[in-house]
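Chains Y and W supply the protein sequences, listed in that same order. Just so you know, the first sequence maps onto residues 1 to 342 in the numbering used here. Just so you know, the second sequence maps onto residues 1 to 135 in the numbering used here.
If you are wondering where the hints come from, they were derived from the structure by calculation, not from laboratory data. You may find that some hints are simply not true.
[What the hints assert, rightly or not] Derived list of chain W stretches under chain Y, where covered just means 3 residues or more per stretch with a C-beta under 8 Å from a C-beta of chain Y:
#: 1; segment: 56 to 63
#: 2; segment: 76 to 85
[To be verified] Selected chain W positions facing chain Y (in silico; Cβ < 8 Å):
#: 3; residue: Asn50
#: 4; residue: Ala67
#: 5; residue: Trp99
#: 6; residue: Asp131
Computed from a predicted model, the values in this text were never measured in an experiment. We put the beta carbon where it would ideally sit given N, CA and C, even for glycine.
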Amino acid sequence: MKKTLLPVLVILLLAWLVLRPGLREGSLSSNPQRSTTRLVMGSLATITTWNVPDALERRAVAEAFAAMEEVDRQLSRHRPDSEVSRINQAPRNEAQALPPTLLEVLQAGLALSEATSGRFHLGLEPLIRLWGFSAETPPTQPPPAETVAAWKQAWPGLDGLRLVREGETTRIILANDRVGLDLGGIGQGYGADRAAAVLREAGVVNALIDVSGDVRVLGSKGEFPWRVGIQNPRQPGGTVAVVGLRGDTALVTSGDYEQFYLYNSRRYHHILDPLTGEPAQSQLASVSILAPQAMLADALSTAFFVVGAQAGQELLRRFPGVEALWVTTNGVIGATGGFPQP
Amino acid sequence: MRGVLFSLWQRATTPMDRWLVLGSVLGIIAWISAMLQAQPGSRVGIFQENRLVATLPLDQERTLSLAGRLGEVRVQVEKGRVRLQEYQSPRLIGTRTGWIQRRGEMTACVPCGVFLRIEGVPQAGEVAPFDAISR
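Based on the sequences and whatever the hints tell you, model everything.
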């Protein structure tokens, strides 16, 4: 009897280590994680919650998806009945009414346009159409150089899109037909923020909203942070870093690998630089921005990508609490000092 | 010190005890390893225009055809995995994604209005390296 005491203790210790509650937290019968996926905003969006009662989870998630649908109804340039389409179809150089949602997004976008001297711009819809990136069928070769040059010649820059106060209301003026609204660089992030706000108002403390890779989180995953990988721009399915996110924050990546084609050995991607009228040539393959809101992260990731790593870091100094990780076209990874270490 | 511990161990155990401890340790290691492997899912949800139109077990071979927005979309189940094949989609993202089989994995043809999702979410202890991928 005495001789078997030690092995019994060893086995009991190992059994305790394996079966203690912390390790059993995720057992099938008590998994606190729920995920719901829907097609929304022209993307696949998933809302994952942690430790939320079933009835509350169902209601809150449905409301969050409805909020994203509403954002899409106003901001999508693909929907003929959206506010953006209405403004794009309206005569140029005439003030058009703005609903509050669109005004909020435009004000944020215009501030960033000014900060980047117009390199980030919400009025590039005609240029995107010219390059074919808005078409159902992906382009295979660049447009003729003379059409791009003609666009550049008539591009009014920062003056292309103006907000004007008329009494209590604010209206928008598009300068000419080379300007049209495309909120692709900011809209999904705004949608993710709206979903997060709806979840929080409903009482959901821990959630992750993933709108086609634009990630917005609330709280944490129990005692652990939400773990978000950053896509390797040159290796589909691979990652360059993993970030643990807690609290009210967002991680958004822009890169040259989601929509692109190769023509004469050059990569033509969908992030266009209004300075040249062509895909941005900043020697960056991707930029990931960590920011308090997804809309800001979304817009800054595009702006940083367009202006390049050096000017991008200078740009971020205007936005306290915002950090970046970037990958160059040579595969070199850089990051700002406060970006979480992988 | 090591010698003292070894001597204590020898005095406190019989050969049978040692085999018992060894077997238990190996068993527990195997159990933890199994926990850490991503578990394959057992059913796939097929969604069209955000409505669940079918749920198929992954252990039964089956091919299902859907009328997507852009034309036919085919769902093929075999050997515990499933894939989506679209034919008219401009970028064929769903077809390029290939087979999926683990809980929570998804594949979609957004322009077709169709997506597949393996039922369930990764369990604690499974290899679910990320809750999302920023891209």
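Violated constraints from the hint list, given by number and in increasing order: Going through the list in order, the structure violates hints 1, 2, 4 and 5 and respects the others.
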